[in-house]
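Student: The primary structure of each chain is shown beneath.
Number of protein chains: 2
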Amino acid sequence: MRQSKLLGKTRKEAPKDEEARNAQLLIRAGYVHKEMAGAYAFLPLGWNVIKKIEQIIREEMDAVGGQEMHLTALQNKASWEASNRWDDQVLDVWFKTQLQAGGEVGLATTHEEPLTNLLTDHIASHRDLPTYAYQIQTKFRNELRAKSGLLRGREFRMKDLYSFSKTEEEHQEFYEKAKQAYKNVFDRLGIGERTYLTFASGGSFAEFSHEFQMVTEAGEDTIYVDEEKGIAINEEVYNDEVLEKLGLKKENLKEVKATEVGNIFSLGTRFSLPLKLMYKDEAGEPQPVVMGSYGIGSSRLIGAISEALADEKGLSWPRAISPFDIHLIQLQDEVKEDAESLYNKLTEKGYSVLLDDRDKSAGEKFADSDLIGISKRVVVGKRGIENGTYEVTDRSTGETADMKEEDVCQI
Amino acid sequence: MRQSKLLGKTRKEAPKDEEARNAQLLIRAGYVHKEMAGAYAFLPLGWNVIKKIEQIIREEMDAVGGQEMHLTALQNKASWEASNRWDDQVLDVWFKTQLQAGGEVGLATTHEEPLTNLLTDHIASHRDLPTYAYQIQTKFRNELRAKSGLLRGREFRMKDLYSFSKTEEEHQEFYEKAKQAYKNVFDRLGIGERTYLTFASGGSFAEFSHEFQMVTEAGEDTIYVDEEKGIAINEEVYNDEVLEKLGLKKENLKEVKATEVGNIFSLGTRFSLPLKLMYKDEAGEPQPVVMGSYGIGSSRLIGAISEALADEKGLSWPRAISPFDIHLIQLQDEVKEDAESLYNKLTEKGYSVLLDDRDKSAGEKFADSDLIGISKRVVVGKRGIENGTYEVTDRSTGETADMKEEDVCQI
Chain A
1 MRQSKLLGKT
11 RKEAPKDEEA
21 RNAQLLIRAG
31 YVHKEMAGAY
41 AFLPLGWNVI
51 KKIEQIIREE
61 MDAVGGQEMH
71 LTALQNKASW
81 EASNRWDDQV
91 LDVWFKTQLQ
101 AGGEVGLATT
111 HEEPLTNLLT
121 DHIASHRDLP
131 TYAYQIQTKF
141 RNELRAKSGL
151 LRGREFRMKD
161 LYSFSKTEEE
171 HQEFYEKAKQ
181 AYKNVFDRLG
191 IGERTYLTFA
201 SGGSFAEFSH
211 EFQMVTEAGE
221 DTIYVDEEKG
231 IAINEEVYND
241 EVLEKLGLKK
251 ENLKEVKATE
261 VGNIFSLGTR
271 FSLPLKLMYK
281 DEAGEPQPVV
291 MGSYGIGSSR
301 LIGAISEALA
311 DEKGLSWPRA
321 ISPFDIHLIQ
331 LQDEVKEDAE
341 SLYNKLTEKG
351 YSVLLDDRDK
361 SAGEKFADSD
371 LIGISKRVVV
381 GKRGIENGTY
391 EVTDRSTGET
401 ADMKEEDVCQ
411 I
Chain B
1 MRQSKLLGKT
11 RKEAPKDEEA
21 RNAQLLIRAG
31 YVHKEMAGAY
41 AFLPLGWNVI
51 KKIEQIIREE
61 MDAVGGQEMH
71 LTALQNKASW
81 EASNRWDDQV
91 LDVWFKTQLQ
101 AGGEVGLATT
111 HEEPLTNLLT
121 DHIASHRDLP
131 TYAYQIQTKF
141 RNELRAKSGL
151 LRGREFRMKD
161 LYSFSKTEEE
171 HQEFYEKAKQ
181 AYKNVFDRLG
191 IGERTYLTFA
201 SGGSFAEFSH
211 EFQMVTEAGE
221 DTIYVDEEKG
231 IAINEEVYND
241 EVLEKLGLKK
251 ENLKEVKATE
261 VGNIFSLGTR
271 FSLPLKLMYK
281 DEAGEPQPVV
291 MGSYGIGSSR
301 LIGAISEALA
311 DEKGLSWPRA
321 ISPFDIHLIQ
331 LQDEVKEDAE
341 SLYNKLTEKG
351 YSVLLDDRDK
361 SAGEKFADSD
371 LIGISKRVVV
381 GKRGIENGTY
391 EVTDRSTGET
401 ADMKEEDVCQ
411 I
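Top line first, the protein sequences correspond to chains A and B.
The first sequence runs 1 to 411 under my numbering.
The second sequence runs 1 to 411 under my numbering.
These are calculated hints, taken from the structure and not from any lab test.
Keep in mind it's a predicted model, so treat the numbers as computed, not measured.
Just to be clear, a hint being listed does not mean it is correct.
Same chains, same names: a pair is fine if it fits in one copy or spans any two.
Unchecked claim - Keeping only pairs whose Cα atoms sit at most 25 Å apart, straight-line, the calculated DSS-like set for lysine-lysine is:
| no. | residue 1 | residue 2 |
| --- | --- | --- |
| 1 | Lys9 | Lys313 |
| 2 | Lys404 | Lys245 |
| 3 | Lys12 | Lys345 |
| 4 | Lys16 | Lys77 |
| 5 | Lys336 | Lys5 |
Starting from the given sequences, assemble the full structure and let the hints guide the process.
Tutor: Structure follows, in structure tokens:
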């Protein structure tokens with residue numbers, strides 16, 4: 001992709017009404033456009049990152065047997081009345097609207113009810129279980145306030161997986177697998193080292209739920225981390241009794257700020273009983289299905305990662321989700337052909353490359369490159385060409401090296 | 001994928017309230033679930049088809065320089081008031097809802113206004129043009145009646161591309177390229193031979209717009225096809241004057257039923273003027289951007305293709321969008337290991353395979369296989385195993401052959 005043609009220009013200032021640092025950075029770097037508070041459009045750079053995040057999540061969900069589906073945003077009142085979540089007093093983030101043909105519908109903020117209802121057509125016997133369904137799509141939350149940029153949207157993208165098991169024991173088996181799948185996701189996204197499985201309140205369904213918290217000074221939550229054991233406790237359940245139960249010692253815990261990047265819940269029969277999702281066990285007796293739900297917000301992740309990894313110069317993407325593999329900077333007009341030639345070679349090798357072919361000063365190009373934050377930068381300049389080398393810089397470490405072409409083709 | 005684990009069972013009857021043949025078939029075969037009239041959830045089989053359709057469209061849009069983005073579903077009143085399309089009298093399929101924080105928002109049925117508005121941040125000079133943006137996502141239409149199944153949804157998936165050009169001439173150049181890209185899409189989907197570029201009314205923007213109409217007895221539209229020239233006219237513009245203008249002769253035209261599967265429009269400055277999307281030309285003078293829009297509904301396509309290609313036994317997918325490459329039928333318990341072994345070999349070769357490992361009679365398996373309509377069926381049966389062969393059937397032609405393993409691995 002030639003940067004002169006890229007839809008999405010960098011800008012010096014974010015809009016004045018944008019308070020969140022993640023959105024300020026993503027807007028300035030040309031990744032997103034603020035449509036309204038809590039609703040952001042993704043420009044090509046931002047959409048590239050979202051697609052990469054979602055593909056990693058998809059692969060890990062497939063690996064634990066998840067089957068991808070796509071439920072509707074428009075929600076039927078009846079299923080939600082059955083579970084008592086249609087009422088705005090109970091679920092207070094509904095967007096509701098009217099069909100012209102008559103009748104009220106809602107916009108989905110989650111999909112336990114419609115999926116549980118749908119599966120009554122497809123689950124009948126113990127032979128149909130366990131089963132796991134997931135989707136990656138847009139959801140809606142009518143937030144009263146939306147000041148956290150991409151971290152808490154009125155419209156946002158997420159992956160939600162739901163598990164359906166015969167028994168609590170079978171559920172727990174998958175729940176442990178899901179934990180590992182989530183660890184894999186965060187490792188592959190490049191934030192594994194700073195992301196902790198965190199014990200949090202289980203609500204009315206279970207003693208604990210589990211969050212995945214990414215440590216960052218910009219975090220909204222406070223957690224207590226046991227670095228050696230690689231787990232943490234959310235402050236909401238941080239007390240002596242819980243510490244003892246989890247075998248954690250106060251003196252080994254470090255208080256840090258963190259942002260939630262995923263969560264998993266045991267739901268028991270909270271939805272299967274009211275919505276009548278039953279199966280016949282081996283004795284032919286009807287039993288309620290035991291459920292779990294497992295969320296990761298992909299648009300929340302782009303916000304959280306951009307804010308956590310940015311420095312004073314701009315964004316800095318982990319390699320796996322960088323919008324392009326390489327930012328190739330053509331420093332002067334005179335090296336245009338050299339830059340084009342390297343661009344073609346790298347593209348043929350399978351790298352995705354953003355070529356800065358714009359008619360701008362070196363200073364502007366470097367500043368934009370730092371702001372955009374592609375994980376590797378390769379500079380084509382007159383002096384390098386004379387020596388047969390290119391300057392290669394890693395955005396996150398700042399390490400720079402002069403490399404020959406054959407080495408650039410292997411970064 | 002083992003069919004015993006597949007989320008989505010076949011059923012003998014479609015729901016009584018479902019009138020559309022496409023939806024009846026897709027529900028019976030386990031591809032979709034009717035959430036409400038005009039809103040269908042995609043089960044894994046259906047979502048596989050949608051993903052394949054959308055990937056083909058994506059590749060062809062990328063090939064003509066389209067840049068993928070993702071705009072918001074939630075719509076700001078202001079942009080639509082500027083173009084005079086916020087009013088329900090003007091655009092009569094709005095879903096509108098209220099923000100808890102105050103203010104009315106709409107759900108997007110198309111994205112000319114927000115995209116035009118967004119691009120005022122990114123287009124300033126003639127050097128920024130031409131440019132092409134597209135997205136593949138969910139849209140909403142508050143239809144008064146929704147009785148056509150997947151063909152006309154209240155919630156549906158589509159690709160919409162928008163072109164932004166300096167002049168009418170530059171616009172026409174891309175418009176011709178887009179025609180070719182659309183032809184490529186329909187060829188690759190497997191419906192190229194029955195899909196015609198069709199002259200239709202251009203509305204208030206241009207003399208003609210162009211539809212792509214797929215010939216099918218189930219079609220809602222009537223078109224007049226010149227098979228030799230490979231083009232058609234929609235009956236809405238079928239008159240002597242237009243025939244003469246297009247150099248078509250009545251005696252060469254055949255009246256047929258067809259379904260619209262794509263359309264392209266010249267928009268002129270209809271949106272750029274009211275929304276102030278201007279660029280400075282080489283003389284520094286401000287000029288309005290010349291626009292076009294190009295739509296293909298992926299959920300409409302799954303409906304149209306399923307209905308057009310189905311026979312009395314069920315669905316029949318073109319190979320490129322078949323939910324799996326091969327439906328592998330394990331005919332008896334005794335050949336379980338043979339079936340598993342072939343399944344593994346085919347999977348290793350890169351085929352996607354649905355293995356019917358269910359405890360059902362041969363008759364039930366064949367009936368389900370015909371209903372589901374995967375493009376190739378491979379049967380593993382006792383008699384074949386004795387002879388070292390497998391029965392391979394093409395779903396669309398019905399042709400059957402006994403093949404050795406090495407040949408099955410190359411179908």
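Student: All hints, please: hold or fail.
Tutor: Going down the list of hints, with the structure as the test:
Taking the closest pair of Cα atoms, Lys9 and Lys313 come within 25 Å of each other only inside a single copy of the chain (16 Å); across copies the shortest separation is 54 Å, beyond that limit. For the identical chains of this complex, Lys404 and Lys245 are neighbours neither inside a copy (57 Å) nor across copies (61 Å), given an alpha-carbon limit of 25 Å. For the homomeric pair Lys12 and Lys345, neither the shortest alpha-carbon distance inside one copy (33 Å) nor that between copies (56 Å) is at most 25 Å. With identical chains, the CA atoms of Lys16 and Lys77 are at most 25 Å apart between copies only, with a shortest distance of 20 Å across copies and 39 Å within one.
Taking the closest pair of Cα atoms, Lys336 and Lys5 come within 25 Å of each other only inside a single copy of the chain (16 Å); across copies the shortest separation is 56 Å, beyond that limit.
Of the numbered hints listed earlier, those contradicted by the structure are 2 and 3.
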